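Read off the chains here:
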Amino acid sequence: MSIDARNHEDAETFDGSDDGSDDDENKSPVQRWADDWIRNPEKAYAVMLVFLGGVLLTTSLFPLYWLFNVAMAPPGQTDIPIVPATIDLSAFVQVFVQVPFARFMFNSLFYAFTVTLFVLLIGSLAGYAFGRLEFRGKTPLLFSLLVLSFFPPATLFIPLFRAFNQQVPMLGLFTLPVELYGTPGAVITPLSAFTMPLAIFILTTFYGQIPDGLEDAARVEGTTRIGALFRVIMPLSAPGVATAGILTFITVYTEFFFSFLMTGNSAAEWAPVVDGVIAFQTQYTVRYDLQAAASLIAIVPVAILVVVAQDKIISGLTQGALKE
Amino acid sequence: MLIAVAVEQGRTEQADGSGGVLTGIATWMENLSEQAYAYLLLVPGFLVLLMFAFWPLASAIRMSFFADVITSGELGAFVGLQNYVRLLTNTNALAPAAFIDPSFQTPILEQALAMTILFAVLSVTGETLLGFLYAMLMKAEYKGRRLVRLLIILPWAIPIVIQGMIFFLLFRPGYGLLTEPLQQIGLFSSLPLNTTFDSFVIVTVADIWKTSAFMALLILAGLESVNQDLYEVADVMGASRWQRFRYITFPLVFPVLMVAMLFRTMGALRVYGIIESTTVGCSTVPSMTCLVTQFMFGSATQYGSAAAVSVLIAIVVGLFIMVYLGFIRRSNQSLGLA
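Line order of the protein sequences matches chains P and A. Take the first sequence: its letter number 136 is residue 120 in the working numbering, and every next letter is one higher. Counting from 1 along the second sequence, just add 164 to a position and that's the residue number in the working numbering.
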């Protein structure tokens, strides 16, 4: 097709979309385009949105693409081309052969699940008390949770590290009966404490929104006090519970500080993905292709979670997680 | 038949037996006053927080008043505010980096306090702008919105160590795609991950890349909760798009925006993981949290100074929170909510 013909076709489509035009016979296509947009601003916004979206998604996805690209490259190659020379997926298999990467993944997921369940259960009790009951000291206690979130994990780390190594007594009262460092407890307990305040805030807001009548009705039917929380309030606040749960899960799974410093570095010692990715770096060799492949594999569980739960997260946050 | 009855009886008995204790507990809970019941429900949560948050916190504050013992993991004599004074006047000779240098000898990016605040301001500003654009993109209605939403949210769910890996691989000399072009136009040095300025820029970009998504989620929640009727009224009154944004969207989203920025500022002031996993490490980009770990695990163990730094971080975070809460209160007042 010649250039002329294509131009002609374009001109025709513009004429077609230009409704009610009488004086733009002599205008260039660009001018007509501009006129059209001035008449129909919605169209201009749509085009801008698509353009903006394209740019944003490219910047957001390019780093992930680069990871994939590095995973494709043969070991030891430098100056990686922007498009992989060959499609070679062997790195994704090699990852599990060279180090027990599956175990590292399991450890991380185990931490995330355990902390989430623990925080939701215990946070629900506290959220119910804060959201639905009146008692003395409510405001100071809520405020203490807020103050807690001022402090960086590093603050909590020093004393806990020493207590978990049995160097100092816990609470200044008793030495821990077992050395917690290097066990799942050394990661699960501080991360539970670290994620709990936000979960309590979210659950408090949601539980407080459930009308009293619904709970009263269940109580008249013979539900116990604690049963009312778990059978009535919690199911009715499902979006809030889901939001708190997902935020906790992702915080723990992506966390670096405690996961890195509170564990040993072998998979058998409950080291999480952090150490799994680093494990490809030995004193003499570094396999960047395997690190890249391992990184992509470690993203899969959270990617699935985001796919499944994105509507829940958005509706949960919209319905009131942010109201306080 | 007989057996069936026997089994049935056995079951009921068993149920009664195990139910006895539970019923007892349930009855006891039913009879508690509202106040006592509330305290009972708070016990497990606050017990966990007491052991793994409040106690370590109190303990760290106490440690910050004791001298460092360089040779062992012990605490020295009570020295009052000496650790703080040495940090704030930059007179701790064994410090891995200056917390703040009152004599202005140290470059800004090599002072933990200034560097961290600059990082927080730059990354939170970038995240807010990008997050707003993302949120608009997630809010608009079109085909394939679910996919776009997923792609936008995804970086937020990526473990920090992998985020670090990605940017390490992008900027590693002789390997990364971006090192050479940026070096040729004179922006970066040949070893960007070993250079303070370059590393600072890379870490900031990496942080914006990952956390804009979280910002977008919170802002989207704000946008979705704006009463849509307001827009119809605005349309009837002939408001332009800019006016709709200026007089409806922005003021109503502002409180949520402040909360989102508050969350992110708190996170940014504690930055550590992305530095440790992207660059050569804390020696190039000395954030405040970096200082804590270096004091703890460095060649000279300095628990007292480490604790003092972590208390100073909390004070800085607290000051930022005050400022934000002030803004939030003022905006609520102007909306007539408070």
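I should point out that these hints are in silico values taken from the structure, not numbers from a laboratory. Predicted model, so just to flag it, every value in this text is computed and none were measured. Please note: incorrect hints may appear among the correct ones.
Simulated pairs of lysine to any residue, SDA-like, Cα-Cα distance not exceeding 25 Å [as the list claims (entries may be wrong)]: (1) A:LYS307 to P:GLY121; (2) P:LYS296 to A:VAL312; (3) P:LYS122 to A:ASN496; (4) A:LYS303 to A:ILE492; (5) P:LYS27 to A:LEU426; (6) P:LYS27 to A:ARG309; (7) P:LYS122 to A:LEU315; (8) A:LYS307 to P:SER133; (9) P:LYS122 to P:SER133; (10) A:LYS303 to P:GLU26; (11) P:LYS122 to A:GLU305; (12) A:LYS303 to P:LYS122; (13) P:LYS27 to A:ILE412; (14) P:LYS27 to A:PHE218; (15) A:LYS307 to P:ARG203; (16) P:LYS296 to A:GLY184; (17) P:LYS27 to A:TRP406; (18) A:LYS307 to P:SER299; (19) A:LYS307 to P:VAL34; (20) P:LYS296 to A:TYR203; (21) P:LYS296 to A:LYS307; (22) P:LYS27 to A:GLU305; (23) P:LYS296 to A:VAL207; (24) A:LYS303 to P:SER133; (25) A:LYS303 to P:GLN294; (26) A:LYS303 to P:LEU48; (27) P:LYS296 to A:LEU355; (28) P:LYS122 to A:LEU214; (29) A:LYS307 to P:LYS122; (30) A:LYS303 to P:ASN24; (31) P:LYS122 to A:VAL207; (32) P:LYS122 to A:SER197; (33) P:LYS122 to A:PHE218; (34) A:LYS303 to P:THR43; (35) P:LYS122 to A:GLU194; (36) P:LYS27 to A:GLY402.
Status of the hints after comparison with the structure:
A threshold of 25 Å between alpha carbons decides the hint, and for LYS307 of chain A with GLY121 of chain P the separation of about 51 Å lies outside it, so the pair is violated. For the proposed pair LYS296 of chain P and VAL312 of chain A, the alpha carbon gap of about 16 Å is at most 25 Å, so the pair holds. Distance restraint check for LYS122 of chain P and ASN496 of chain A: the Cα-Cα separation of roughly 23 Å lies within the 25 Å cut-off, and the hinted pair is therefore satisfied. Between LYS303 of chain A and ILE492 of chain A, the direct Cα distance comes to roughly 24 Å. Compliance with the 25 Å bound is thereby established for this hinted pair.
Taking the CA atoms of LYS27 of chain P and LEU426 of chain A, the gap is near 36 Å; set against the 25 Å cutoff, the hint is violated. Under the criterion of a C-alpha separation no larger than 25 Å, the hint pairing LYS27 of chain P with ARG309 of chain A is consistent with the structure, at around 18 Å. For the hint linking LYS122 of chain P to LEU315 of chain A, the alpha-carbon distance of about 41 Å lies beyond 25 Å, and the restraint is violated. A threshold of 25 Å between alpha carbons decides the hint, and for LYS307 of chain A with SER133 of chain P the separation of about 40 Å lies outside it, so the pair is violated.
Our distance criterion of 25 Å between C-alpha atoms is met by LYS122 of chain P and SER133 of chain P, whose separation comes to about 17 Å. Between LYS303 of chain A and GLU26 of chain P, the direct Cα distance comes to roughly 16 Å. Compliance with the 25 Å bound is thereby established for this hinted pair. Pair hint LYS122 of chain P plus GLU305 of chain A does not hold up; C-alpha atoms about 43 Å apart against a cutoff of 25 Å. Using a Cα cut-off of 25 Å, the hinted pair LYS303 of chain A and LYS122 of chain P is violated, with the two alpha carbons roughly 37 Å apart.
In summary, the hint linking LYS27 of chain P to ILE412 of chain A is supported, as the alpha carbons are separated by about 23 Å, within the 25 Å threshold. For a cut-off of 25 Å, the pair hint linking LYS27 of chain P to PHE218 of chain A is broken: about 56 Å separates their Cα positions. Note on LYS307 of chain A and ARG203 of chain P: the hinted pairing is violated, with a Cα-Cα distance of about 46 Å set against a maximum of 25 Å. A C-alpha spacing of about 40 Å is found between LYS296 of chain P and GLY184 of chain A, which places the hinted pair above 25 Å, so the restraint is violated.
In summary, the hint linking LYS27 of chain P to TRP406 of chain A is supported, as the alpha carbons are separated by about 16 Å, within the 25 Å threshold. Note on LYS307 of chain A and SER299 of chain P: the hinted pairing holds, with a Cα-Cα distance of about 20 Å set against a maximum of 25 Å. Pair hint LYS307 of chain A plus VAL34 of chain P holds up; C-alpha atoms about 12 Å apart against a cutoff of 25 Å. Our distance criterion of 25 Å between C-alpha atoms is broken by LYS296 of chain P and TYR203 of chain A, whose separation comes to about 31 Å.
At roughly 20 Å between alpha-carbon atoms, LYS296 of chain P and LYS307 of chain A fall within 25 Å of each other, so this suggested pair holds. With a C-alpha separation of about 14 Å, the suggested pair LYS27 of chain P and GLU305 of chain A falls inside the 25 Å cut-off, and the hint holds. Distance check on the hinted pair: LYS296 of chain P and VAL207 of chain A sit about 30 Å apart at the alpha-carbon level, beyond 25 Å; violated. At most 25 Å may separate the alpha-carbon atoms for a hinted pair to count; LYS303 of chain A and SER133 of chain P exceed this at roughly 30 Å.
Between the alpha carbons of LYS303 of chain A and GLN294 of chain P the distance comes to roughly 13 Å, so the proposed pair stays at or under 25 Å and holds. Between the alpha carbons of LYS303 of chain A and LEU48 of chain P the distance comes to roughly 24 Å, so the proposed pair stays at or under 25 Å and holds. The straight-line distance between the Cα atoms of LYS296 of chain P and LEU355 of chain A is roughly 44 Å, outside the 25 Å bound, and the hint therefore fails. Distance check on the hinted pair: LYS122 of chain P and LEU214 of chain A sit about 17 Å apart at the alpha-carbon level, within 25 Å; holds.
With a CA separation close to 47 Å, the supplied pair LYS307 of chain A and LYS122 of chain P exceeds the 25 Å bound. Between LYS303 of chain A and ASN24 of chain P, the direct Cα distance comes to roughly 21 Å. Compliance with the 25 Å bound is thereby established for this hinted pair. Restraint check for LYS122 of chain P and VAL207 of chain A: the C-alpha separation of about 13 Å stays at or below 25 Å, so the hint holds. Our distance criterion of 25 Å between C-alpha atoms is met by LYS122 of chain P and SER197 of chain A, whose separation comes to about 16 Å.
Taking the CA atoms of LYS122 of chain P and PHE218 of chain A, the gap is about 17 Å. The hint holds against a cut of 25 Å. In summary, the hint linking LYS303 of chain A to THR43 of chain P is supported, as the alpha carbons are separated by about 19 Å, within the 25 Å threshold. Pair hint LYS122 of chain P plus GLU194 of chain A holds up; C-alpha atoms about 21 Å apart against a cutoff of 25 Å. Simply put, LYS27 of chain P and GLY402 of chain A have alpha-carbon atoms about 18 Å apart, close enough for the 25 Å limit, and the pair holds.
Of the numbered hints listed earlier, those contradicted by the structure are 1, 5, 7, 8, 11, 12, 14, 15, 16, 20, 23, 24, 27, 29.
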